[in-house]
Amino acid sequence: DTAVSQTPKYLVTQMGNDKSIKCEQNLGHDTMYWYKQDSKKFLKIMFSYNNKELIINETVPNRFSPKSPDKAHLNLHINSLELGDSAVYFCASSQRDGVQFFGPGTRLTVL
Amino acid sequence: QQQVKQSPQSLIVQKGGISIINCAYENTAFDYFPWYQQFPGKGPALLIAIRPDVSEKKEGRFTISFNKSAKQFSLHIMDSQPGDSATYFCAAITNQAGTALIFGKGTTLSVSS
Numbered sequence: 001d002t003a004v005s006q007t008p009k010y011l012v013t014q015m016g017n018d019k020s021i022k023c024e025q026n027l028g029h030d031t032m033y034w035y036k037q038d039s040k041k042f043l044k045i046m047f048s049y050n051n052k053e054l055i056i057n058e059t060v061p062n063r064f065s066p067k068s069p070d071k072a073h074l075n076l077h078i079n080s081l082e083l084g085d086s087a088v089y090f091c092a093s094s095q096r097d098g099v100q101f102f103g104p105g106t107r108l109t110v111l
Numbered sequence: 001q002q003q004v005k006q007s008p009q010s011l012i013v014q015k016g017g018i019s020i021i022n023c024a025y026e027n028t029a030f031d032y033f034p035w036y037q038q039f040p041g042k043g044p045a046l047l048i049a050i051r052p053d054v055s056e057k058k059e060g061r062f063t064i065s066f067n068k069s070a071k072q073f074s075l076h077i078m079d080s081q082p083g084d085s086a087t088y089f090c091a092a093i094t095n096q097a098g099t100a101l102i103f104g105k106g107t108t109l110s111v112s113s
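Chains A and B, in that order, give the protein sequences. Heads up, the final residue of the first sequence is numbered 111 in our numbering, and it's a clean run with no missing numbers. Heads up, the final residue of the second sequence is numbered 113 in our numbering, and it's a clean run with no missing numbers.
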């Protein structure tokens, strides 16, 4: 069974469009995250939610808005997409022990 | 300011050799140090992790060495195999709920057969 799943796996879109990425975890974890991996493979936190409450909101343009409808889901909505938003976005989840499990990633390409 | 520094950026090792990747951190509040392995097109997967109360942890061919006073830790891959070819990330995190992993920049390992 997939522990952390993301959809879609690939997303190709035009500049200026609005898109969403969905994430679900079936591990029963309290905390979920969004990380961004750039073209140089550097991984950086964007957001974290603990029990549906926003904990971390790094210096991310406000075009990015996370939404957590319940503990098992954390979606990422991106408005007015820009070329620089092209990256791989990873969802992750953890329990209080700090061990984080990552999803397979969503490769976003903005044309 | 990069809180976790990782080296080397890339590494080529012969099959059967030892691969060594080093990391250094700055924040003494970090209390959990995982290593992640990432294959192309996949998400990072936890490989092995250590907490600062031990100096070494071994799981199969993978060993973490931890030096708290120097604020350094390293990953050793013994008997490296072509299947180990991947990108390896060290990371660090504090124990507060919801805090994020701080990653090193990654090391691309190629094991030649």
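For the record, the hints were derived by calculation from the structure and aren't laboratory data. Watch out, some of these pointers could steer you wrong.
[What the hints assert, rightly or not] Subject to a maximum C-alpha distance of 27 Å in a straight line, what follows is the list of computed DSSO-like cross-link-like pairs (lysine-lysine):
1) 71(A) x 40(A)
2) 9(A) x 68(B)
3) 52(A) x 68(B)
4) 68(B) x 67(A)
5) 15(B) x 36(A)
6) 5(B) x 52(A)
7) 71(B) x 44(A)
8) 68(B) x 42(B)
9) 5(B) x 105(B)
10) 105(B) x 36(A)
11) 22(A) x 52(A)
12) 71(B) x 40(A)
13) 57(B) x 105(B)
14) 36(A) x 5(B)
15) 42(B) x 19(A)
16) 68(B) x 44(A)
17) 44(A) x 15(B)
18) 68(B) x 71(A)
Cross-check of the supplied hints:
no.	hint	verdict
1	71(A) x 40(A)	violated (31 Å)
2	9(A) x 68(B)	violated (39 Å)
3	52(A) x 68(B)	violated (35 Å)
4	68(B) x 67(A)	violated (38 Å)
5	15(B) x 36(A)	violated (32 Å)
6	5(B) x 52(A)	violated (32 Å)
7	71(B) x 44(A)	holds (21 Å)
8	68(B) x 42(B)	violated (32 Å)
9	5(B) x 105(B)	holds (7 Å)
10	105(B) x 36(A)	holds (13 Å)
11	22(A) x 52(A)	holds (15 Å)
12	71(B) x 40(A)	holds (25 Å)
13	57(B) x 105(B)	holds (22 Å)
14	36(A) x 5(B)	holds (18 Å)
15	42(B) x 19(A)	holds (22 Å)
16	68(B) x 44(A)	holds (24 Å)
17	44(A) x 15(B)	violated (32 Å)
18	68(B) x 71(A)	violated (35 Å)
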